[in-house]
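There are 2 protein chains.
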Amino acid sequence: MYKALLMGLITLINISPVSAERLSSEPIKPIQAFIIKEPDKVELGKKLFFDPRLSRSGFISCNSCHNLSMGGSDNLPTSIGHNWQQGPINSPTVLNSSMNLAQFWDGRAANLQEQAAGPIANPMEMAFSHSLAIDVLRSIPQYVAEFNKIYGSSQITLDQVTNAIAAFEETLVTPNARFDLWLKGNDNALTETEIAGYQKFKEIGCVACHNGEAVGGSSFQRMGVIEPYQTENPAEGRIAVTGKDADRFSFKVPTLRNVELTYPYFHDGAYWKLEDAVDVMARLQLGQQLASQDIKNITAFLKTLTGDQPQFAIPQLPPSTANTPIPVPFEQ
Amino acid sequence: MYKALLMGLITLINISPVSAERLSSEPIKPIQAFIIKEPDKVELGKKLFFDPRLSRSGFISCNSCHNLSMGGSDNLPTSIGHNWQQGPINSPTVLNSSMNLAQFWDGRAANLQEQAAGPIANPMEMAFSHSLAIDVLRSIPQYVAEFNKIYGSSQITLDQVTNAIAAFEETLVTPNARFDLWLKGNDNALTETEIAGYQKFKEIGCVACHNGEAVGGSSFQRMGVIEPYQTENPAEGRIAVTGKDADRFSFKVPTLRNVELTYPYFHDGAYWKLEDAVDVMARLQLGQQLASQDIKNITAFLKTLTGDQPQFAIPQLPPSTANTPIPVPFEQ
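So the protein lines, in turn, are chains A and B.
FYI, the numbering for the first sequence is 1 to 332, going by the numbering used here.
FYI, the numbering for the second sequence is 1001 to 1332, going by the numbering used here.
Don't take every hint at face value.
Between beta-carbon pairs, the in silico distance windows are [stated by the list, open to error]:
(1) B:A1322 <-> A:T231: 20 to 28 Å
(2) A:I36 <-> B:S1292: 40 to 48 Å
(3) B:W1084 <-> A:Q155: 33 to 41 Å
(4) A:Q199 <-> B:A1110: 32 to 40 Å
Think of the hints as simulated: they come from the structure by calculation, not from any bench.
In this text the structure is predicted, and so the values were computed from the model without any measurement.
All residues carry an ideal CB built from backbone N, CA and C; glycine is no exception.
Given the sequences, and given the hints that come with them, work out the whole structure.
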């Protein structure tokens, strides 16, 4: 009883020797809470993230495919775009995406700001144009005032729009996952099954790619190293950016943070069950045929990577005016 | 100075004689803040309201067309449904909808609970079936636990689902509009223009239908009393429910609360500018050709009906499981 109390105190004041060792030696690092330094910009970015007027139809916002009620994803194999077009690839989670070495599965955007411009003008997604999106924002006095306050100009530019969206997205980190509490020395944060899963995860080599704060996102890797990945999805990955044949079927390693929430899995969204995704990865990437108990254990471990989800009040969007271009949900 | 202070105090302690008279004599009544008595049920209803897994595609939620970031509406002439189908009628705001005498434009649902079941199974909207929606919820342990806690049964029924959604929707009232502050005796809450607009609004007879707390929603009225309303929308209104020829083109009078946010206007969503809607209503319903200054004043008054918008943290939806039916965004 006294010992438990003492251990609790030690955990509380964060000086556990276990903690220090785990933090330095484990290949996965805990996520730090994000400290907002530019609250006005983050608030503006939040509004833009939720504003469907950045799409041609007036119906699709960033949040449609990166739904912050659903792990920052849409939980569909590939997304629904303008006019119900079927998207080419699985929508990656926006959660912790600031930790990625680049954005999109093929890494064609260097950072979140560059990424944010893409879907607005993509005819398969929001199907708008940057200049029309800017026209919409410029017609709304509350937006003009907010941009003016933050960027010191009553003009609104695409760079400002994507800068604000990126500033909001940077706040979308998910600290305090049970695994992180364990990393910080709280032995009770994980069950034996979960720890066994983590040991197996390290033992067979998953950590070669899934490591660091985001447990992924830090490299491009070929999908199907030992065995080819069978898919009807025509995406070829990184070669689209580099033009190098060696990069064919190479994709950004997805984060495993909140993986419990970001089904279905892989760039084609073909696998709905985390157990199946674990099995496929072990076989194709590592040449390991896992026993079903190991799959269960690894899956249990992966579910400990679910952290605190973003908590904020739903934004209230400033209304359109008589000068606001009217959305075009249906073509005539 | 002392007088201003005294008046301020009187306003504060709410005993202004002006206030008492206005509250009793004006045809519009202030909205009361909603006091939540069943917080667990409201939280569950909020999740369901935001959960796109109640649709066949896994993409459309109640919030898609009754967007709580946009005045509880979608700001489109008619809504986008499953497979991008064009809806038949303008999506009415969910804000203050508990005050309506019935739900839908034709009043075919007696109350919010009855309404909530409609879109889930409507092939033009969420295109699901009630039993499939229930199957989804039953497959998710966190939902089962919440229903069990609230309804005392681990079964989940459609009645429970719609009861919880309605309980959430009942909280979506918008008190503290500037007009309400004025009704309560705060003379400074409105400008002279706004008061002039309100006087004209009463003088020409708008209050015959737009009265009470919701400034509408309490009767069905023919659209086009003096002159017929020109529209390509085939909706015939209340006759669909009563079968009476006298009810042809009779629609529920919409609330004018937050009308600044709920464009475009009328059951066909044909008018984007509030000024135009005011002009059309005065001519068609009241035989009044308003001067442009009167239109401006009435519009200014109407914008004082925007109240506090719902403030709550975006809900976090419990994840699907291996047993959850997979959504069908695209037909094979």
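Could you work out which of the previously given hints the structure breaks and list their numbers from low to high? 4
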